[in-house]
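Engineer: Protein chains in written order, with my numbering: chain S, 1 to 653; chain Z, 1 to 520; chain C, 1 to 482; chain F, 1 to 99.
These are calculated hints, taken from the structure and not from any lab test. Keep in mind the model is a prediction, meaning the values are calculated, not measured. Fair warning: there could be bad hints in the mix.
[Claimed, not checked] Across the chosen pairs, the derived CB separations fall in these ranges:
{"#": "1", "chain 1": "Z", "residue 1": "Leu-30", "chain 2": "S", "residue 2": "Pro-118", "range": "32 to 40 Å"}
{"#": "2", "chain 1": "S", "residue 1": "Leu-612", "chain 2": "C", "residue 2": "Val-194", "range": "32 to 40 Å"}
{"#": "3", "chain 1": "S", "residue 1": "Arg-595", "chain 2": "C", "residue 2": "Arg-460", "range": "55 to 63 Å"}
[Unchecked claim] Mimicking DSS-like on lysine-lysine, the simulated pairs with C-alpha atoms at most 30 Å apart in a straight line are:
{"#": "4", "chain 1": "Z", "residue 1": "Lys-161", "chain 2": "C", "residue 2": "Lys-77"}
{"#": "5", "chain 1": "C", "residue 1": "Lys-355", "chain 2": "F", "residue 2": "Lys-98"}
{"#": "6", "chain 1": "Z", "residue 1": "Lys-168", "chain 2": "F", "residue 2": "Lys-98"}
{"#": "7", "chain 1": "Z", "residue 1": "Lys-372", "chain 2": "Z", "residue 2": "Lys-107"}
Where a beta carbon is used, it is the ideal one built from N, C-alpha and C, also for glycine.
Listed below are the residues making up each chain.
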Amino acid sequence: MMANSGALALIAWLLPIFSFLVLAIVFPFRRLGRPAAWFSTLCAAGAFASAVLAWRIQSVAAHPVHLVWPWLPTAGKTIADVGVLVDAQSTIMLCLVSLVAFLVQFYSVGYLHDEPAPALGRYYAYQSLFAFSMMGLALAPNLLQLFMCWELVGLCSYLLIGFWYQRPSAARAAVKAFWITKAGDVGMLVGIVMLYRLAGTFDITELHSMAASNALPLAGLSIITFCLYLGAMGKSAQFPFHVWLPDAMEGPTPVSALIHAATMVTAGVYLLVRTDWLFALTPNVLLIVAWIGAFTALLAAVLACVQDDIKRVLAYSTVSQLGYMMTAIGAGVASAGFLHLLTHGLFKALLFLGAGAVIHAVGSNDLPNMGGLARRMPQTALVFIIGTLSLAGIPIFGGYVSKEEILGAVWGAHLTGPFLLLMLVAGLTAFYMFRVVFLAFFGTPARVAAVAHAGAGHTTPPRVAHAALHNEAVVEGAHVNETPHAHEPPATMLLPLWVLAVGTMVVGVMSTFHLGGFAAAEAAGETAPGWLTPTAVGVALAGIALAWATYQMRAVNPESLANAFGPIRSAALRKFWIDDIFEGIYSFVLLGFSRIVGWIDRYLVDGVLNLLSDWTVQAGDELRGIQTGKPQDYVYGIGAGVLVLILLMRLVF
Amino acid sequence: MNGIPLLSIMTWAPFVSAIIIMFCARHRPLLVRLTALAGASVSLVASLIVYVAYDKTMAGFQFHEQLALVPSLGINYLLAIDGMSALLALLTSIIIFAGVFASWTVKERGQEFYALLLLLVTGVYGVFVSLDLFVFFLFYEIAVLPMYLLIGIWGSSGFVKPQGIFGKAMGRTGVGTKEYAAMKLTLYLLFGSAFILVGILALYAEAGSHSFSIIALQQVQFDPTVQKWVFLAFYIGFGILAGIWPLHTWSPDGHASAPTAVSMLHAGVLMKLGAYGVVRLGMGMLPDGMAYWAFLVGTIACINIVYGALSAMAQTDLKYVIAYSSVSHMGVVMLGAATMNVVGLNGAVFQMFAHGIMTGLFFALVGLVYEKAHSRAIFSMGGFGTMMPGIATAFTIAGLSSLGLPATAGFIAEFMTFLGAWSSAHPWWLFPGVIGAFLTAVYVLRVTKQIFWSTQSPDPHFAHLPDAQGPEWAALGILTATLVIFGVAPWIAVGTIDTATTPLIATLPKVAGASLGLLR
Amino acid sequence: MTFDIGMPMIPEAALFGLMVLVLLIGLIQRPASPALIGWLTFIGFAGTFGLTFFAREGATLFSGSFANDSLAIFSKKLFVASAALSVLGSLTLRQGSFQRRAAEYHFVLIASVLGMLVLASARELILLFVSFELMSIPLYVLTGFVKRQDAAPEAALKFFLVGTASSAVIVYGISFIIGVTGSTDLAAIPTALVSNDPMMLLGMTLLLAGLGFKIAAFPFHMWAPDTYEAASTPFVAWLAVAPKAAGFIAIIRLYVEGVGAATLVWMPVVAAVAGMTIITGNLMAIPQHNIKRLLAYSGIAHIGYMLVGLAALSANGIAMVLFYLVAYLFGNMGAFFVVEAVARSENSEEIDAFKGLAQRSPLLALAMLVFLLSLGGIPFVAGFWAKLYVFLAAIDRGMYGLVFLGAVLTVVALYYYLLVARRMYIEAPVRTERVQVPTLLGVVIFICILGVVGMGAWPRPWVDATQHAAASVFAAPSASTK
Amino acid sequence: MGLEPYLFLSATVFCIGLFGVMTRRNTIGILLGIELMMNAVNINLVAFARYTAMAAGFVFTVFTICITVTEAALGLAIVILLFRVRRTVMADHLDLLKG
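Using the sequences and the hints, build the whole thing.
Structural biologist: Structure follows, in structure tokens:
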């Protein structure tokens with residue numbers, strides 16, 4: 001039985017890599033496009049199936065399965081393995097990853113149906129590689145494998161953000177994402193390396209038992225955990241490393257759903273969940289985690305309020321929710337963070353895919369271009385609202401319990417500051433999400449670009465079509481009150497939406513009423529005071545109400561609301577200059593410094609060499625002077641030589 | 001093994017085919033290429049056999065071959081291979097095999113080109129397999145010298161504006177031209193070999209056993225003072241070839257000017273000769289010398305890593321970027337060696353291999369891009385990914401390996417080196433190392449993005465560019481596959497390396513401050 | 001005493017006979033056929049070369065004044081072989097004066113070789129000096145013999161003036177030695193040296209200076225470039241090797257043989273001279289435009305390297321110097337013969353005449369490259385081993401600094417050799433037709449290639465031979481055999 | 001009178017000869033200087049032979065004289081050849097070959 005869950009997990013893990021290898025190596029097949037897409041999706045489905053089976057078996061057996069093969073030998077021993085560690089956390093994560101991966105791949109068949117065949121094949125190759133890497137991360141039995149998969153998901157993120165690399169913004173966003181997460185990864189690598197010197201192993205199970213038996217020296221452990229947290233900061237977009245995530249929305253929307261909402265960005269949280277016993281040894285670092293998490297949550301929520309791009313709103317919301325999870329971990333209740341990770345994975349994927357459907361229909365990302373879509377695409381609107389309610393933390397919806405747990409945990413840990421921040425964020429979240437809902441699905445569009453005919457049939461992504469077919473003046477001038485060509489997406493796209501919506505609801509209902517597996521979890525961690533739930537829900541409802549009043553009823557003029565928060569709003573529109581700071585570090589510090597070093601290398605280090613060689617040649621030329629050609633000078637030479645020799649002999653004696 | 005002199009076959013097969021090319025294949029370009037390919041294939045097969053047949057359980061040197069060259073002076077043609085050299089010989093085989101394909105389109109004076117290339121390779125093999133210092137040195141020089149003609153004849157000139165306080169001298173030396181680059185490279189490396197020669201002779205004289213055999217000399221306990229100075233000589237001598245700062249400046253100019261296959265071979269394999277020399281001769285025979293200078297070696301390696309990466313970032317010529325990246329990556333190799341523990345040294349040797357393949361791939365790709373687009377100016381190119389997806393993909397993979405992405409060989413190497421650095425007596429070496437890794441990510445992706453994954457350049461010259469064709473695919477395929485296979489399955493290499501490094505490290509003196517007894 | 005072919009002086013007698021024969025033919029046949037004379041001389045040299053193989057080691061004549069030890073036999077082979085090669089190379093000379101006066105040319109040449117042969121065996125100061133002059137004086141004649149008419153006499157005169165002045169220095173030195181030892185026997189020198197008599201040292205120092213002139217060591221080297229540039233190339237090929245070898249033999253005889261531990265007093269002096277010679281030779285070669293001048297300066301540098309081996313003052317050191325001489329013989333003569341071929345075709349001895357040679361005559365270019373590399377000390381050709389061996393010998397004596405200096409300046413040497421290679425291989429040819437190489441010249445070049453590559457690939461027999469030759473130097477009873 | 005005065009004499013003559021060689025512009029003059037140097041040697045040899053009572057010095061002197069004569073003859077011949085070609089016998093005009 002145990003071996004079975006290990007084997008199933010392995011199958012789940014290896015199916016995507018099989019798909020990737022087939023697509024990568026058999027490139028004529030890849031270039032066929034749709035067959036490749038279906039092949040990859042099939043593999044993802046298989047992976048999901050075996051992941052669920054593995055989860056079922058594991059939850060019955062309740063014994064972790066540790067299945068490893070030696071990977072890196074040194075000094076006659078093995079210092080690192082690869083394999084799978086099948087336990088409760090990893091199997092649930094595996095299920096989430098494989099589910100979302102499968103759904104997104106399925107969805108993408110519809111979403112990207114006008115993509116040229118080779119590009120589609122490439123897309124699915126990346127998707128398969130991502131699924132493999134993310135599952136490997138979830139299943140990693142040791143920190144080294146975790147790190148490797150961590151980097152690989154970063155790679156896939158880079159590749160998929162830059163999928164439409166012909167767009168300068170996409171190409172730029174891809175490298176930006178890679179660099180910033182890489183900066184964090186460097187820290188994580190340092191942490192792992194340091195931990196190895198301290199503990200002599202990468203293995204999570206061994207480290208855990210060492211930590212449990214106080215066998216780990218505490219000296220320097222804070223630095224190590226902080227380094228690990230650095231990695232998590234990069235990947236999970238914690239302040240100040242959050243800047244890459246909104247830009248990452250340049251990728252296709254399904255990618256955003258999978259990678260930049262549901263799975264990869266939560267890897268940082270997952271890492272901390274996986275190693276919470278290690279962090280527990282270093283409370284000072286946990287405090288940092290909590291504060292940065294709460295601050296990130298607030299910052300991103302504020303930023304989300306001023307975005308007009310639907311995907312960017314969702315992106316900032318993701319950052320904000322990641323801040324939530326991190327705060328929970330910082331409060332020492334990793335399970336709450338993990339729960340939110342799971343529910344958030346479901347409903348945020350739902351929101352992104354829904355947004356994808358909207359974008360697909362409207363042909364634009366911009367909220368002002370939308371409006372009244374609920375009539376034209378009611379199903380999409382419905383599932384989107386389900387997702388929104390989950391995110392807002394309304395009871396019986398997916399995000400409710402996990403959010404309450406986090407708030408309870410933070411309160412319980414006496415982190416009042418972060419708690420207040422999170423409360424504020426809860427209200428802001430409800431506000432900005434319903435702002436999206438009202439702007440997009442209700443009312444009339446404030447500004448409708450005449451892009452409709454580019455609508456569903458465009459071959460290039462919406463923005464490219466937009467830019468290519470119309471110059472801005474035309475777009476600005478074309479005020480149409482309707483979005484006439486918007487319609488419900490095809491079944492390949494709708495189906496995943498419904499699956500996720502149902503999933504969100506099921507989780508929400510089950511958790512709200514303490515059903516199934518949640519009962520036990522609840523019983524363990526119910527320490528929150530009674531006023532907490534009503535307050536949180538109340539704050540959320542207040543946010544919704546404000547959004548309703550502002551964007552639906554127009555009772556509050558959005559302009560005056562904006563004016564009320566004038567300085568903050570203008571700062572938020574500039575993203576609080578954080579992007580500018582990174583830009584400055586890149587252009588001025590890095591590139592500037594590199595230019596200086598480059599100049600030094602060419603003109604000083606190499607210059608000295610040139611000088612020496614030039615001197616040698618010059619010396620030869622100078623020495624020629626003694627060869628005057630006059631025979632008597634030669635005799636002088638002999639005379640001088642004789643003298644020198646005699647002198648030398650005298651010196652000797 | 002069974003009396004077949006595999007190592008000699010491996011070493012001399014390219015030489016024989018060079019002779020055949022020189023005298024028998026005149027003016028028949030295809031025959032020239034096929035002969036070269038045959039020579040490279042024989043070596044590849046031989047090195048594969050050696051690599052596979054190498055008995056990991058026995059460790060030590062295997063496949064001995066011996067022939068008395070000058071018995072009165074104790075000079076023998078003594079060949080043998082251990083885990084480290086087996087891997088490096090394999091590296092050489094892969095690179096030259098790919099290099100033959102990569103230079104398939106060399107038009108002008110192809111016969112001489114291939115002959116010289118193969119001659120060079122003979123030297124490289126010779127260094128890796130010879131166990132006699134004299135023969136070692138002999139092959140070493142053979143490996144350096146053909147470079148002059150290879151760069152001088154088939155290279156390409158760049159432009160460097162002389163300025164700064166040494167501008168006058170730079171103007172006179174003709175900086176930027178291929179002739180300058182060829183001469184600088186050759187003389188610089190030969191300058192290094194002067195140090196090596198003195199070191200070798202000093203060992204011979206100090207040992208007093210009238211033997212040049214590395215094994216015999218390893219048994220000798222040299223006086224610490226001797227060790228100190230001879231190690232320094234070896235370090236400078238081999239270090240020049242390994243591109244240690246500040247003696248690295250031959251490398252960017254040389255590699256940028258050299259034709260494709262030569263850059264591949266030189267950056268890919270020859271720089272490894274330097275590092276190999278430091279490890280084999282320096283560490284292997286002068287443990288106290290190594291311990292004495294370890295701090296210097298490691299610190300300079302750190303400078304190399306960061307400085308090389310920053311310099312690479314400053315370049316606008318694609319080939320210079322790759323060339324400087326070699327400087328940076330060779331720093332990782334030297335850092336691994338300086339850690340004086342098994343993990344670090346394994347990382348160093350693995351990095352030799354990984355960087356060899358990676359940079360070989362890089363230079364092959366740069367060559368292809370140049371051949372098709374006739375440009376090396378990074379910021380004039382753009383959006384080639386659509387037109388040459390194969391080249392773009394391979395370049396990206398090479399770049400990822402270079403920035404140490406897992407599942408490529410580069411990661412394993414860097415990771416082990418970092419692990420070794422943190423466990424060494426000077427743990428802070430870790431930080432320049434990882435900073436270098438980050439900077440590499442910056443410059444590599446910047447270049448990759450600019451050239452391949454961005455908007456199509458408006459320049460009409462770049463409107464229709466073909467992807468790699470025919471034999472070029474072979475070069476790219478072999479190198480890319482190697483890079484990934486060894487990244488995914490590092491034990492193939494590390495297990496073999498380990499048999500050589502573990503005994504080597506065991507001979508080193510214990511150093512205060514180093515940790516991890518289990519790695520020693 | 002019955003005649004036997006292994007007797008001492010048999011080769012000398014044969015050469016003497018040849019000399020007389022050439023003289024007679026020159027007198028009888030007017031104008032003498034240069035081909036006849038040339039071939040006759042060549043065959044004579046070849047025969048003499050053969051005779052040297054029969055020479056019995058250790059045989060002496062004139063109560064020990066003339067001894068055929070292994071060093072003498074070895075060097076005789078060297079002298080005769082190089083002369084034979086030179087004659088073979090000069091057979092194709094077409095200059096008017098050479099055509100008209102071939103008999104004189106060969107007569108004088110044979111006389112000089114005869115001087116060398118005697119010098120190699122001389123164990124007595126008078127014989128040594130006389131044979132030294134017999135070797136030297138013909139060289140002045142030969143320098144001015146054929147070639148650029150305005151420069152040749154100038155070169156001859158310079159060579160002569162400086163040469164005779166240095167002869168005077170030598171003989172002045174010898175006069176002191178004779179005065180102190182009271183004997184002309186070389187064997188008397190070691191005992192006198194031990195006494196530390198300043199006059200003895202003065203004598204020996206003056207003698208060393210004079211011999212330094214002959215081997216063209218700094219600062220006595222100045223005659224060499226001018227002479228090489230002006231004289232005919234086949235002769236220069238020989239001049240650059242044989243007399244220098246003879247000078248080395250003389251130095252070995254006077255300063256090393258039998259001197260024992262006292263010989264070490266010369267070590268710093270020789271080392272200093274060696275170092276300076278290497279530096280100036282190599283540096284001054286850099287700016288040269290004339291290939292013969294370049295080879296002259298590089299030759300000076302090579303003398304420096306040989307002096308490094310000599311400075312070791314050990315059996316190995318001597319052997320390595322001999323090995324170096326042989327390697328230098330092949331490499332240098334080969335290079336000069338290629339120069340001759342190119343110069344004849346291009347009418348220029350400038351380095352630029354080599355432009356694009358690789359595309360015009362690949363084999364000729366390859367040959368030149370091999371010779372240059374051998375001179376530069378690159379593996380698989382003779383020069384590599386030569387250089388390594390002398391360094392090895394010096395290191396054995398702990399002369400790290402000198403070896404390092406030598407090794408570093410090898411890089412400078414390679415710089416100018418590579419500049420020639422650059423002309424041949426990298427630069428485009430001015431003309432495209434092949435360089436016409438006379439068959440005989442080709443043969444000589446090929447022999448030199450064989451020598452260079454053969455020594456490079458399989459140095460063992462040569463090392464054995466030179467070590468055998470050097471062994472006799474230290475075989476004397478008073479010598480320490482290291 | 002002992003040996004030393006002779007040695008001093010010979011040294012003086014040698015130096016005068018050398019001085020001549022170094023300073024005379026006319027090549028014939030230089031030749032004369034060389035002759036002086038050789039004669040200094042002869043003085044030396046004879047003096048040594050006289051005071052150490054051995055014949056070798058005398059014998060050597062005979063050889064030296066012979067060789068000096070040879071050299072003088074050859075030198076004059078070269079000077080004449082040079083004059084025919086270059087119309088000068090001045091040493092400092094001989095700088096066609098240099099550098």
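Engineer: Confirm or reject each hint.
Structural biologist: Hint by hint, here is what the structure shows:
1. Z:Leu-30 with S:Pro-118: 32 to 40 Å: holds (33 Å)
2. S:Leu-612 with C:Val-194: 32 to 40 Å: For Leu-612 of chain S and Val-194 of chain C the Cβ distance comes to about 46 Å; the hint is violated.
3. S:Arg-595 with C:Arg-460: 55 to 63 Å: holds (57 Å)
4. Z:Lys-161 with C:Lys-77: violated (57 Å)
5. C:Lys-355 with F:Lys-98: holds (24 Å)
6. Z:Lys-168 with F:Lys-98: Roughly 28 Å between the alpha carbons, so the hint for Lys-168 of chain Z and Lys-98 of chain F holds.
7. Z:Lys-372 with Z:Lys-107: holds (15 Å)
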